[in-house]
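Undergrad: Spelled out, the chains give:
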Amino acid sequence: MLKVKEEMIKTRILIVGGGISGLSIAYSLVKRGVNDIVIVEKSYLGSGSTGRCASGIRASFTSREHVVLMKHSIELWKKYAEGELGQHGLYYNQGGYVWLASREETAKTMERLVKLHNSLGVPTRIIGLDELKKLVPPIETRGIVSVLFDPTAGKSSPFKTIFAFYNLLRKKGVRIYLHTRVEEILHDDRRVYGAITSKGEIRAETIVVAAGASTRKLLEPLGVKMPLKNLPRHAMLTEAYREAFKPLVIDWDTPGVPYIVQMKSGSFLIARNIDEEPELSLYSQRIDFMPKAVKPLVRFFPWLRNTRIMRYWMGYYITTPDHHPVYGPVKDYENLYIATGFSGHGYMLAPVTGEVIAEWILNNRPSIDAARKLVLERFEKGALIKELAVVG
Amino acid sequence: MGGKRGHPVIVCRCRDVTLEDVEKAIEEGITDLETLKRRLNIGMGPCQGRTCIPLVASILARKLGKPVDELLIPKIRAPIIPVPVNLLLKSVDAKGERGDD
Ligand SMILES: Cc1cc2nc3c(=O)[nH]c(=O)nc-3n(C[C@H](O)[C@H](O)[C@H](O)COP(=O)(O)OP(=O)(O)OC[C@H]3O[C@@H](n4cnc5c(N)ncnc54)[C@H](O)[C@@H]3O)c2cc1C
Ligand code: FES
Numbered sequence: 001m002l003k004v005k006e007e008m009i010k011t012r013i014l015i016v017g018g019g020i021s022g023l024s025i026a027y028s029l030v031k032r033g034v035n036d037i038v039i040v041e042k043s044y045l046g047s048g049s050t051g052r053c054a055s056g057i058r059a060s061f062t063s064r065e066h067v068v069l070m071k072h073s074i075e076l077w078k079k080y081a082e083g084e085l086g087q088h089g090l091y092y093n094q095g096g097y098v099w100l101a102s103r104e105e106t107a108k109t110m111e112r113l114v115k116l117h118n119s120l121g122v123p124t125r126i127i128g129l130d131e132l133k134k135l136v137p138p139i140e141t142r143g144i145v146s147v148l149f150d151p152t153a154g155k156s157s158p159f160k161t162i163f164a165f166y167n168l169l170r171k172k173g174v175r176i177y178l179h180t181r182v183e184e185i186l187h188d189d190r191r192v193y194g195a196i197t198s199k200g201e202i203r204a205e206t207i208v209v210a211a212g213a214s215t216r217k218l219l220e221p222l223g224v225k226m227p228l229k230n231l232p233r234h235a236m237l238t239e240a241y242r243e244a245f246k247p248l249v250i251d252w253d254t255p256g257v258p259y260i261v262q263m264k265s266g267s268f269l270i271a272r273n274i275d276e277e278p279e280l281s282l283y284s285q286r287i288d289f290m291p292k293a294v295k296p297l298v299r300f301f302p303w304l305r306n307t308r309i310m311r312y313w314m315g316y317y318i319t320t321p322d323h324h325p326v327y328g329p330v331k332d333y334e335n336l337y338i339a340t341g342f343s344g345h346g347y348m349l350a351p352v353t354g355e356v357i358a359e360w361i362l363n364n365r366p367s368i369d370a371a372r373k374l375v376l377e378r379f380e381k382g383a384l385i386k387e388l389a390v391v392g
Numbered sequence: 001m002g003g004k005r006g007h008p009v010i011v012c013r014c015r016d017v018t019l020e021d022v023e024k025a026i027e028e029g030i031t032d033l034e035t036l037k038r039r040l041n042i043g044m045g046p047c048q049g050r051t052c053i054p055l056v057a058s059i060l061a062r063k064l065g066k067p068v069d070e071l072l073i074p075k076i077r078a079p080i081i082p083v084p085v086n087l088l089l090k091s092v093d094a095k096g097e098r099g100d101d
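Chains as they are written, first to last, in our numbering: chain B, 1 to 392; chain E, 1 to 101.
By construction, these hints were calculated from the structure, which means they are not laboratory data. Each hint can be trusted.
No farther apart than 30 Å at their CA atoms in a straight line, the calculated lysine-lysine pairs in the DSSO-like style are these:
{"hint": "1", "chain 1": "E", "residue 1": "Lys75", "chain 2": "B", "residue 2": "Lys160"}
{"hint": "2", "chain 1": "B", "residue 1": "Lys171", "chain 2": "B", "residue 2": "Lys79"}
{"hint": "3", "chain 1": "B", "residue 1": "Lys217", "chain 2": "E", "residue 2": "Lys75"}
Derived DEER-like restraints, expressed as beta-carbon distance ranges:
{"hint": "4", "chain 1": "E", "residue 1": "Leu64", "chain 2": "B", "residue 2": "Glu387", "range": "46 to 56 Å"}
{"hint": "5", "chain 1": "B", "residue 1": "Gly121", "chain 2": "E", "residue 2": "Glu70", "range": "51 to 61 Å"}
{"hint": "6", "chain 1": "E", "residue 1": "Leu72", "chain 2": "B", "residue 2": "Ser281", "range": "10 to 20 Å"}
{"hint": "7", "chain 1": "B", "residue 1": "Glu243", "chain 2": "E", "residue 2": "Arg77", "range": "19 to 29 Å"}
{"hint": "8", "chain 1": "E", "residue 1": "Val9", "chain 2": "B", "residue 2": "Pro137", "range": "36 to 46 Å"}
{"hint": "9", "chain 1": "B", "residue 1": "Glu105", "chain 2": "E", "residue 2": "Ile76", "range": "36 to 46 Å"}
{"hint": "10", "chain 1": "E", "residue 1": "Leu64", "chain 2": "B", "residue 2": "Gln285", "range": "24 to 34 Å"}
{"hint": "11", "chain 1": "E", "residue 1": "Gly29", "chain 2": "B", "residue 2": "Lys217", "range": "22 to 32 Å"}
{"hint": "12", "chain 1": "B", "residue 1": "Ala383", "chain 2": "E", "residue 2": "Ile76", "range": "41 to 51 Å"}
{"hint": "13", "chain 1": "B", "residue 1": "Tyr241", "chain 2": "E", "residue 2": "Ile76", "range": "17 to 27 Å"}
Residues of chain B clear of chain E, computed beta-carbon distances all greater than 12 Å:
{"hint": "14", "residue": "Lys78"}
{"hint": "15", "residue": "Glu84"}
{"hint": "16", "residue": "Leu129"}
{"hint": "17", "residue": "Tyr193"}
{"hint": "18", "residue": "Lys229"}
{"hint": "19", "residue": "Glu380"}
From the three backbone atoms N, C-alpha and C, an ideal C-beta is built for every residue, glycine too.
Generate coordinates for the entire structure from the input sequences, incorporating the hints supplied.
TA: This is the structure:
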């Protein structure tokens, strides 16, 4: 496979990181006729956050930027699923999201949110318990005071998605090197020009860093400061059962918003945010997470008591101060681009991530207006993204 | 080894993966167990690969001409065997804690 040591690899575009962001960026470049691309992944494909995520996709957010970007992303997910990526296994199961409120206050917040979503073209609505029962037949509705339904939301499969990208990109001539770590990014005052990897040196005209949890450290030696935190998150899977319901269901009024979604394999993925210190190792597992995550959900799904937990793992949310991604060029370097800081939403955003970064590289600006604000510089300038509705 | 037409050789019985699937994935350029695991879902069933990972490791080792112990074996994640939710909840109740913070 890789013979970097014998001959130096040269490429027009080097992408650091074989997560969904790196792969999707390569795909958007290929769509625009660029296939002189090298992707370098230090471990296996999807070994970062991507392979650990819940694969939830939705546009029902609380800032204009998120809603606009995610709405666009959902259109691309559907298009990709119907096209060549779909033939390679990528799919989008538009089963919706269901948010459950147990308090009157939350019910009011939901009404405000629906107005916001609708004004931005996302058709969320408040549904009654009858409709909830139709969408999620095995749910116990006692104590639920309101339900927000997002019919455009859905789920997919992280590994199906990244292998679809992988196989298609390889066919198009993109070179993907697994188990190859970028140790250092080579640069002079105004430009980056290559990278030293664990298997040799690469020269590149343009570099994109989509290295998730390692992005900040990788760019530190270049004097690029990023306000990123790697926040540990936990998730677990039950054994496989027959399909019980399609939507992802979120218990909004329990701290840490527990949620449950049934994957294509039949397993239920269950997660909840519990208090965690940033940067903790992914092997500092919390066995207490397991009962903590499932207990609030048993109220809605008493039969969960009889299921069995098969696997539990941790992964990082790479968070920024305003919980929106860092997209695009870096002020001090002409040919360096970043895509990370998704704050827990980088899977759903990936198709847009690809488009935005490809357009930054090739056209010097992304065509989606909302994406232009998401450059790293915004933190220096204090131009943080604003939430239009405060949730909670 | 090798399945005769119409008689697939099952390698992973938890997730219904055949020898042919494994060989196809290796042809896609996937030559490590961690990636094969995610490509094919081997090792993702209730037994966490106790049955299939050693089989796939030996198939891969033969294809690559490497000894099996040079291949990195994927990690087994907690819990080691599937745990009933009922039991998890009791562990919380017993300590007098509430499930929510
Ligand atoms: C429990 C959990 C649930 C989640 N649920 C959702 C969800 O429902 N929906 C959603 O949209 N998002 C979700 N997320 C967030 C989502 O997983 C991430 O935002 C997304 O996967 C980010 O993708 P990425 O490609 O940017 O980063 P990553 O997947 O982390 O990819 C970065 C890659 O770069 C590689 N790398 C790092 N350093 C180097 C180096 N020096 N050299 C070479 N390679 C390197 C890493 O190995 C890694 O594979 C969840 C996350 C977690 C942890
Ligand atoms: S036989 Fe493959 S996971 Fe059990």
